[in-house]
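Residue numbers (the UniProt record's numbering), protein chains in the order written: chain A, 1 to 436; chain B, 1 to 436.
Rather than coming from a laboratory, the hints here were simulated on the basis of the structure.
It should be emphasised that the depicted structure is a prediction, and the values quoted were computed from it without experimental measurement.
Accuracy of the hints is not assured; some may be wrong.
Each pair may be met inside one copy or between any two copies, as identical chains are not told apart.
Here are the simulated DSS-like pairs of lysine-lysine, each with C-alpha atoms no more than 25 Å apart in a straight line [as the list claims (entries may be wrong)]:
{"#": "1", "residue 1": "K40", "residue 2": "K224"}
{"#": "2", "residue 1": "K414", "residue 2": "K312"}
{"#": "3", "residue 1": "K167", "residue 2": "K67"}
{"#": "4", "residue 1": "K40", "residue 2": "K177"}
{"#": "5", "residue 1": "K224", "residue 2": "K67"}
{"#": "6", "residue 1": "K50", "residue 2": "K40"}
{"#": "7", "residue 1": "K67", "residue 2": "K128"}
{"#": "8", "residue 1": "K312", "residue 2": "K28"}
{"#": "9", "residue 1": "K28", "residue 2": "K67"}
{"#": "10", "residue 1": "K411", "residue 2": "K429"}
2 protein chains.
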Amino acid sequence: MSTEYWEEEIETAPRSKLEELQLQRLKKTINLAANSPYYKEVFSQNNITKDSIQTLSDIRKIPFTTKVDMRAHYPFGLVAGDMRNDGVRIHSSSGTTGNPTVIVHSQHDIDSWANLVARCLYMVGIRKTDVFQNSSGYGMFTGGLGFQYGAERLGCLTIPAAAGNSKRQIKFINDFKTTALHAIPSYAIRLAEILQEEGIDPQSTTLKTLVIGAEPHTDEQRRKIEQLLGVKAYNSFGMTEMNGPGVAFECQNQDGMHFWEDCYFVEIIDPETGEQLPEGEIGELVLTTLDREMMPLIRYRTRDLTRIIPGKCSCGRTHLRIDRIQGRSDDMFIIKGVNIFPMQVEKILVQFPQLGSNYLITLETVDNQDEMVVEVELSNLSSDNYIDLERIRKNITRQLKDEILVTPKVKLVKKGSLPESEGKAVRVKDRRDNKS
Amino acid sequence: MSTEYWEEEIETAPRSKLEELQLQRLKKTINLAANSPYYKEVFSQNNITKDSIQTLSDIRKIPFTTKVDMRAHYPFGLVAGDMRNDGVRIHSSSGTTGNPTVIVHSQHDIDSWANLVARCLYMVGIRKTDVFQNSSGYGMFTGGLGFQYGAERLGCLTIPAAAGNSKRQIKFINDFKTTALHAIPSYAIRLAEILQEEGIDPQSTTLKTLVIGAEPHTDEQRRKIEQLLGVKAYNSFGMTEMNGPGVAFECQNQDGMHFWEDCYFVEIIDPETGEQLPEGEIGELVLTTLDREMMPLIRYRTRDLTRIIPGKCSCGRTHLRIDRIQGRSDDMFIIKGVNIFPMQVEKILVQFPQLGSNYLITLETVDNQDEMVVEVELSNLSSDNYIDLERIRKNITRQLKDEILVTPKVKLVKKGSLPESEGKAVRVKDRRDNKS
Ligand SMILES: [Zn+2]
Ligand SMILES: [Zn+2]
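Isolated chain A, as found in the complex:
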């Protein structure tokens, strides 16, 4: 494992130093934000002044900012800087309904962003001598320009292939001897398939590093990509509201994504109560920009569920690590007072080769009590032996209880007997009398 750093001093800074920098930048961020119409009003309503923040935990005095707030102040209500003179780029997320969320960047913001992406790529061993191909869509989607500017900053020979046209992607890989590729996980697998179709051993290319993100995936899928293409594949976390890519990224240990705490302040909250959760517990990721000047975001509720991985990373970086995203806080349900995310259930189920991938959680009221029923389809690998099945069922039940602290009723059902889901799977049906 490489112990080289893009910016050693900041990446390996002692926590106390890092937190000192965070506090200083948080104060500056709040001062800047106060120039935006939105935060001016929020601060005024909550009596936030520049003296309100004396320690990092004082951030809790400030209310959360949500996607709904951003849309309500579309397009520029959160812009704090002199957009007319200093704004150089707008990105927006493609809202499926209503107005998109809009982020405006200054040159400082673009430079800071490019530097963070370069830091991520360097961390996984990508160097200026690498050939970096980006199969993201470009334009407003931040995976395009975000990786483009970052890889150029690092000094890679970049190939802005953009999305689609798999045969051309493969031609570029072969002809330009691409060594590092950014792709969404499903597309990485597709490329391996096409290589095979074209009679090329997918492990024989010059590719050695893959950057995967922007799409939920399991560690099993990552391992599959690594095996298929003979590469190391690293998880990338980002979102348009936080620039795009470059927010958190795996190091070569592949054990959680380091969050760049010099540029982001991280909180994990209970999505129901808004309270801070202890390290290690799954909750909603709440983020504050610490190095964005044109449009700071404070305590932005990402709706992404994850947890902070406890302990130090052996790579030497002191910046905290988050686990892969465990789903959306919108998907959370509460049963017997416990917050549960479908991802937690799924995580257990995928470990059983006897199970298929289709499952359904049903919440019911039985004798005025909440009941949780987990139905899961058997795979082709499953036994017909009733005793075997019962043993598996009990095993699943026990493991689920360990994970979610509630004992569900587990039912193993025949393959194809649960409703097929098109697009986003509906995993939870709440049939309780009094939904909480």
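Once you've looked at the hints, dock chain B with the ligands against the given chain A.
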């Protein structure tokens, strides 16, 4: 008209100064190029050394480089710099057949390119306070990243809208108050139509400047765009082999495109003989990069037909101006010893409102003599009066003779009687016994 310049000293340099700079950069370029496998061989075969170039016209000692040469040395045979360490970006043209042409850039090259695009945009009055929306495709197509980097360099608030999704383009224009838009001409007209469909007066938007290029169009189309959208529309000339956009661009006089001669050496040649043509004559544009380090191109035959516009421009810029592209040299034919381009014929025909847009040139042998027949469809506006039609026919014949120095046989035919062309129109049928 603005008399401000992005780089006054270089834009208004006396010709002698400019040519001095060109000579110095040409020598440097040839020294650099000698490091590429391709030019090393070309120079060696033609006894070109660094002493071969004493004056600018010594460039004629060096053979032309063609697209065929580039493809034959695909992908990196023309790379002169240390691509592994210093290469930061690859662009390629999407060849419809065979290998694409590939251009590799260093950081210097990207910076120089961005500066030239900024110079173009500044020339037409775009300032850092403008909101610049780019409806180009991004990725390998240079209109995307080329204008992105240039407009950011200028300090505009950029909107990397990318191609397609017209309703979203219009939403951006309205919501972000876009003042400058880059679009291909047909798409600019399409946007005006969609604005109308949505009940928005196309002249009522905040748009004031359009940058149009990448697609052949007439001055009539430009005027139509200006009128429809209530903007000024400026022609842009560029090609991937010469970076992309930023090569030549109209100033606010809209009378030819200034060619940035500090970065490009321009020749206009007879496509048949390769000889230099006098100023003002239409021929093939041949270009040499003067400020590209990773992959210089020397005497590149663009296959684009144009002419140098004689005389000085009142904007104060001393860099030569070229006329809009008159077609492709591949389309040229020779009759009675004269080089003729279909565009020359078309230019005359479009001036007659009585004519439609479909025409066909047929070359025949009659009594061992070359004959040129121009058939052109009448429009709905045409008269039924034979005397009127005969007068028009004679008028067209006379004007064509003035333009091409050959007297064609002109036939006016009914609308719809010529073969409909799908895609690229076949304008010339050569039925001569001995095609020259
Ligand atoms: Zn680590
Ligand atoms: Zn001018």
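Item to check | Unmet hints by their number, sorted upward, for this structure | outcome: Checked against the structure, the hints that fail are numbers 1, 2, 5, 7, 8, while the rest are satisfied.
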